[in-house]
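Each protein sequence line maps, in turn, to chains A and B.
Heads up: the first sequence begins at 27 in the numbering used here, then just goes up one per residue.
Heads up: the second sequence begins at 27 in the numbering used here, then just goes up one per residue.
Bear in mind the hints are in silico, worked out from the structure with no lab data behind them.
Heads up, some of the hints might be wrong.
[Claimed, not checked] PhoX-like, lysine-lysine: derived pairs with alpha carbons at most 25 angstroms apart: (1) A:K135 to A:K28; (2) A:K113 to B:K334; (3) B:K28 to A:K334; (4) A:K373 to B:K96; (5) A:K169 to A:K135; (6) A:K113 to B:K359; (7) A:K294 to B:K135; (8) A:K359 to B:K113; (9) A:K135 to B:K373; (10) B:K135 to A:K96.
There are 2 protein chains.
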Amino acid sequence: MKLTIKRTSLLQELQTVQRAISSKTTIPILTGVKIVLADEGLYLTGSNADISIESFLTKEDEKAKMTIFKTGSIVLQARFLGEILRKLPEDIVTMEVLENNQISIVSGKADFIVNGQDAENYPHLPVIDTKNQMEIPVHLLTKIINETGFAVSMHESRPILTGVHFILSEQKLLAVATDSHRLSQRIIPIEQMVENFDIVIPGKSLQELSRSFVNEEEQVEISIMENQVLFKTKNMYFYSRLLEGNYPDTNRLIPATFNTEVEFYGPKLLSAIERASLLSHEGRNNIVRLSISPDSVILYGNSPEIGKVEESLNYEHITGDTLDISFNPDYMKDALRAFGEMNITIKFISPIRPFTLEPTEADVNFVQLITPVRTN
Amino acid sequence: MKLTIKRTSLLQELQTVQRAISSKTTIPILTGVKIVLADEGLYLTGSNADISIESFLTKEDEKAKMTIFKTGSIVLQARFLGEILRKLPEDIVTMEVLENNQISIVSGKADFIVNGQDAENYPHLPVIDTKNQMEIPVHLLTKIINETGFAVSMHESRPILTGVHFILSEQKLLAVATDSHRLSQRIIPIEQMVENFDIVIPGKSLQELSRSFVNEEEQVEISIMENQVLFKTKNMYFYSRLLEGNYPDTNRLIPATFNTEVEFYGPKLLSAIERASLLSHEGRNNIVRLSISPDSVILYGNSPEIGKVEESLNYEHITGDTLDISFNPDYMKDALRAFGEMNITIKFISPIRPFTLEPTEADVNFVQLITPVRTN
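Bound conformation, chain A alone:
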């Protein structure tokens, strides 16, 4: 293997696959990046127990200034290769595999000889049947991940809840996540005719996936196998394992009738919750209280040792009964951040029943649920 390439282009590819590379793995070769130089361009692969990422840089990419002298392959320590590429003196680097799986990395007068490993020893990635593929825009997938991923459980006591549940049926894709204290569910219509599926993808994989996309305007192809899912863009294959087990039936959790409804402008409510949580975070019980009457909504935060805060909130509309309800402000903050800049309606049943948050405009099928805290 021998090539010359612009070092910043190679570094960028390396950073993409490094999302899948951990220095803490128990399989030593997985701390490395697999580099394969083929006639059509350069493939890099990084992998851990949960995800694998393969990136491809075509020789047609003029910015990368790639010249291929001899195809071949090697595995190099990923972190160390990155440090070398960052510090090289010139724009262009020449890399050549020598005997004994060593590689020469030359740029200007700097001449590195680095020990690598035989690429034959690198584990094979799963082969995924690419017949049943669904295609959606990257920006839409990223949005769904941001709208649901934060609500997955962080605890391994119920592993299935650490993932996001995706169900494709009746031309609709449903994504839902819950940690049993709050829930977030998003549904989008799907026009393609593809086979239905019902899978649970680890929340951490989805987080890395959404960070790995470079072009929001691209399409991403989703292929599903027994225990793997593949997300495929023009220059990246992103594999994740699936979680095994039955995801709880969340549909019956979302109530249909309510007694009190208040409409807010999301970002304004978020700022007020952030202020009130300054106090609640200092106390033992991280709760704030919302007091709704026909002509006012007042938010209270209290921590006896530190102080208290009280704020009369700006709202758009109130309908229904008066209500006093307490909840964990951090769940509310996460929920409001997921909505972003829009008007939302919060619907309550009683101080002890979960309440929902939805966009006021009915054109988006997105609902969140938060369980209140009983205070007496």
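Given the coordinates of chain A, work out where chain B should sit on it, guided by the hints.
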């Protein structure tokens, strides 16, 4: 105490004194900031065992939009006050001390009541005799700190070496620091007639001091007492304790005659050292080797398990004997960063004797010393 003030102006003052406030102190009141509102403006004070900072915001400062309704004082949790100020809904905040050392903090519709402490219980700052004052520009003091502070010892085994030694005598200010492996010494001429001094200021205090200055063009007044030093600018009093004990005589450590001299452009040498240290950092002995002959200078880094690097260096001049010398590249990096963008001359005696680095242009009195590593 009652005032209105622009919250970002108050936050900026708070951030200055917060450099002296630790949440880990054993004296609870020192986690607070002392706030004193006087007829002329607002004083904030933060303090820990090593440094105390007092900032002053004059009511004449139009940007701060300060209105003083009633003078007074209080001590508030510094971190918590900062969080509140950052999150308030409006530009202007009204603060009023209530009964029982509580304070009301109001901005827009948000109304905080926060528990404080009586300012009478806050420790008094040392009173410093301001007769014997030296004055130098802030940018010059900052430069001296950057040129010497990095060389102090990080180990408490010889506490005196954790400080920078400042000596004023014969119209010259000498600053020197050493951790016994390397040394950095800077001398500047002083024109004022002030009493000579010989003090050791903790390196950490100097680091905080250089970060606390906001205006490089100002003058700073330096006053010295038995065990304290005060740095005074228009809006800030910065106190530091002095280190007790005798600083070793470093003057005799700097050699006067040499056998090999090489001139480099500092930043180019620094880049090459950074590359070579990528390899040495992976190995057990963090050393690189420089091989100087009449017509080449070659730098080697080696870590048998990982690989090796070799780079022929660009230099300006070589005079004297051939030499092979090994050293810790991290000391060299620190030294070269302190010189910045200039040509420097490195002067060697032998592979086992300390070598010096100096600016090639003789107009700056700045010398650094590094002890080599014996390799056989």
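Against the structure, the hints:
1. A:K135 to A:K28: 18 angstroms, holds
2. A:K113 to B:K334: Holds. A:K113 to B:K334 sits at ~15 angstroms (cutoff 25 angstroms).
3. B:K28 to A:K334: 19 angstroms, holds
4. A:K373 to B:K96: 46 angstroms, violated
5. A:K169 to A:K135: 47 angstroms, violated
6. A:K113 to B:K359: 14 angstroms, holds
7. A:K294 to B:K135: Satisfied, since the Cα-Cα distance of roughly 12 angstroms is no more than 25 angstroms.
8. A:K359 to B:K113: Given that 25 angstroms is the threshold and the Cα spacing comes to 14 angstroms, the pair holds.
9. A:K135 to B:K373: The hint holds at about 24 angstroms.
10. B:K135 to A:K96: 70 angstroms, violated
In summary, the structure is inconsistent with hints 4, 5 and 10 from the numbered list given earlier, while agreeing with the others.
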